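Asks: Quick note on full-length UniProt numbering: the sequence shown kicks off at 1 and runs consecutively.
Hint data in this document are derived by calculation from the structure and do not stem from the laboratory. Here the structure is a predicted model, which means the values were calculated and not measured. Heads up, some of the hints might be wrong.
[What the hints assert, rightly or not] Within a straight-line C-alpha distance of at most 30 Å, the following computed DSS-like cross-link-like pairs (lysine-lysine) qualify:
#1 K111 with K142
#2 K75 with K92
#3 K116 with K142
#4 K111 with K8
#5 K87 with K61
#6 K101 with K111
[As the list claims (entries may be wrong)] Estimated spans, in silico, between C-beta atoms of each pair:
#7 N16 with E95: 35 to 43 Å
#8 N62 with I147: 21 to 29 Å
#9 N62 with T114: 23 to 31 Å
#10 E113 with P34: 23 to 31 Å
#11 P120 with T97: 32 to 40 Å
#12 F100 with I127: 33 to 41 Å
#13 P118 with N62: 34 to 42 Å
#14 P136 with Q57: 36 to 44 Å
#15 T78 with E113: 44 to 52 Å
#16 K92 with N16: 41 to 49 Å
#17 Q3 with T25: 25 to 33 Å
#18 K111 with N62: 28 to 36 Å
#19 P118 with T25: 39 to 47 Å
#20 E129 with F70: 15 to 23 Å
Glycine is no exception: its CB is placed at the ideal position from the N, C-alpha and C atoms.
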Amino acid sequence: MTQEELTKIAQDIIKNNIYLTLGTTDGNIPWTAPLFYAVSDTYTFYYISQMDSLHTQHILKNPQVGFSIFDSHQKEGTGNGVQGSGKVYLLKDEELTEAFKWYHTTFVEMKPETFKAPAPYRFFKIIPEHFYVLDPTAPTDKRVEVILQ
Numbered sequence: 001m002t003q004e005e006l007t008k009i010a011q012d013i014i015k016n017n018i019y020l021t022l023g024t025t026d027g028n029i030p031w032t033a034p035l036f037y038a039v040s041d042t043y044t045f046y047y048i049s050q051m052d053s054l055h056t057q058h059i060l061k062n063p064q065v066g067f068s069i070f071d072s073h074q075k076e077g078t079g080n081g082v083q084g085s086g087k088v089y090l091l092k093d094e095e096l097t098e099a100f101k102w103y104h105t106t107f108v109e110m111k112p113e114t115f116k117a118p119a120p121y122r123f124f125k126i127i128p129e130h131f132y133v134l135d136p137t138a139p140t141d142k143r144v145e146v147i148l149q
């Protein structure tokens, strides 16, 4: 399968799903959390989380994360997903306007003061460093890196 075709698979998975699983660690305890996300046209992922959540506490100590995006309703043996790694950053107040362009929800009121300290919910962004998908033409599960820009 060509790099272009594999890239299209990754783009479609990201576009057609709304939750990612975020993997974090503080160096001792690994943790995963399902998170509602929005993604920019440059593949910056945005999500909202509480400051006292375990994954947020991990990120404040270690911003390096892994993530996966997949449709759990795929038939056994036919599934594909995006796996990735990158770094997470707590958004600064001046970055909220950019996040609002991409992230839409009815869960909380989307106004800047909702996400500024000392508010319990804050905005975060994942800056991916690597993306991977499975090559569906390979005879076994073969993970291939794709470049998304």
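Asks: Let me make sure I understand: some of the numbered hints might not hold for this structure. Which ones are they, in numerical order?
Replies: Violated: hints 1, 2, 3, 4, 7, 11, 12, 13, 16 and 19.
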